[in-house]
Amino acid sequence: DSGVTQTPKHLITATGQRVTLRCSPRSGDLSVYWYQQSLDQGLQFLIQYYNGEERAKGNILERFSAQQFPDLHSELNLSSLELGDSALYFCASSTTGQGWASPLHFGNGTRLTVT
Amino acid sequence: AQKVTQAQTEISVVEKEDVTLDCVYETRDTTYYLFWYKQPPSGELVFLIRRNSFDEQNEISGRYSWNFQKSTSSFNFTITASQVVDSAVYFCALSGPGGTSYGKLTFGQGTILTVHP
Numbered sequence: 017d018s019g020v021t022q023t024p025k026h027l028i029t030a031t032g033q034r035v036t037l038r039c040s041p042r043s044g045d046l047s048v049y050w051y052q053q054s055l056d057q058g059l060q061f062l063i064q065y066y067n068g069e070e071r072a073k074g075n076i077l078e079r080f081s082a083q084q085f086p087d088l089h090s091e092l093n094l095s096s097l098e099l100g101d102s103a104l105y106f107c108a109s110s111t112t113g114q115g116w117a118s119p120l121h122f123g124n125g126t127r128l129t130v131t
Numbered sequence: 009a010q011k012v013t014q015a016q017t018e019i020s021v022v023e024k025e026d027v028t029l030d031c032v033y034e035t036r037d038t039t040y041y042l043f044w045y046k047q048p049p050s051g052e053l054v055f056l057i058r059r060n061s062f063d064e065q066n067e068i069s070g071r072y073s074w075n076f077q078k079s080t081s082s083f084n085f086t087i088t089a090s091q092v093v094d095s096a097v098y099f100c101a102l103s104g105p106g107g108t109s110y111g112k113l114t115f116g117q118g119t120i121l122t123v124h125p
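First to last, the sequence lines map onto chains A and B.
One point on numbering: in my numbering, the residue at position 69 of the first sequence is 85, and numbering is uninterrupted.
One point on numbering: in my numbering, the residue at position 61 of the second sequence is 69, and numbering is uninterrupted.
Worth flagging that the hints you see were computed from the coordinates, not collected in a lab.
Among the hints, erroneous ones may be present.
[As the list claims (entries may be wrong)] Label pairs and their calculated CB-CB ranges:
#1 Asn66/B x Arg34/A: 47 to 55 Å
#2 Ser43/A x Asn75/B: 29 to 37 Å
#3 Thr39/B x His89/A: 40 to 48 Å
#4 Gly44/A x Ala89/B: 43 to 51 Å
#5 Ser50/B x Thr111/A: 20 to 28 Å
#6 Glu91/A x Glu67/B: 16 to 24 Å
#7 Ser20/B x Pro24/A: 32 to 40 Å
#8 Gly58/A x Thr39/B: 19 to 27 Å
Even glycine gets a Cβ: it sits at the ideal position worked out from N, Cα and C.
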């Protein structure tokens, strides 16, 4: 158990809808990262937050947004969903803001299916 | 730009065989970290090892060992006496501070390892 909690585990929704994925980092970790895993793109970095502030941005679509709250949990909002957004979304956390040096501890992921 | 290549898409072995998973990387950073992660059938990503670019010592942890060779930009992973429970997808990943790569792990495409009883 990595200590990172993601909810829900599974999400099935229709195209055009909006969903929110939630992540609670390990106790003591200040950084939260979101990754998307799909068959065609593999594991792709989306965005990182450190102590409430956006720290780094990857291949995140404009339809997607994220935030980290004062209690350090994070939410990833996906809107105007398309079939191609179907993927496994991982949240990870680390102690420091230097994500490039710290091992990331991943949650179990949220499997999103867009129909 | 950073890139990680895992040339072996799938490997199939019989229990107790040794197996080596290859990883080759590209980066312009002089300081960087390399990682291996395991993704079992249940889907979670499990951290296995982190190695920084200045430490070329090989590492052994039980049946697992890692061989880092900066000269060939490789970070290979060997499982000795494989077991059925080793069946999983294994990812090699790279991170560094440079430019747009800051804060992210660049993953290889993964190697599917199947260990047959």
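The hints, checked one at a time:
no. : hint                           : result
1   : Asn66/B x Arg34/A: 47 to 55 Å  : 49 Å, holds
2   : Ser43/A x Asn75/B: 29 to 37 Å  : 34 Å, holds
3   : Thr39/B x His89/A: 40 to 48 Å  : 31 Å, violated
4   : Gly44/A x Ala89/B: 43 to 51 Å  : 36 Å, violated
5   : Ser50/B x Thr111/A: 20 to 28 Å : 25 Å, holds
6   : Glu91/A x Glu67/B: 16 to 24 Å  : 37 Å, violated
7   : Ser20/B x Pro24/A: 32 to 40 Å  : 34 Å, holds
8   : Gly58/A x Thr39/B: 19 to 27 Å  : 25 Å, holds
Violated hints, listed in ascending order, are 3, 4, 6; each of the other numbered hints is respected by the structure.
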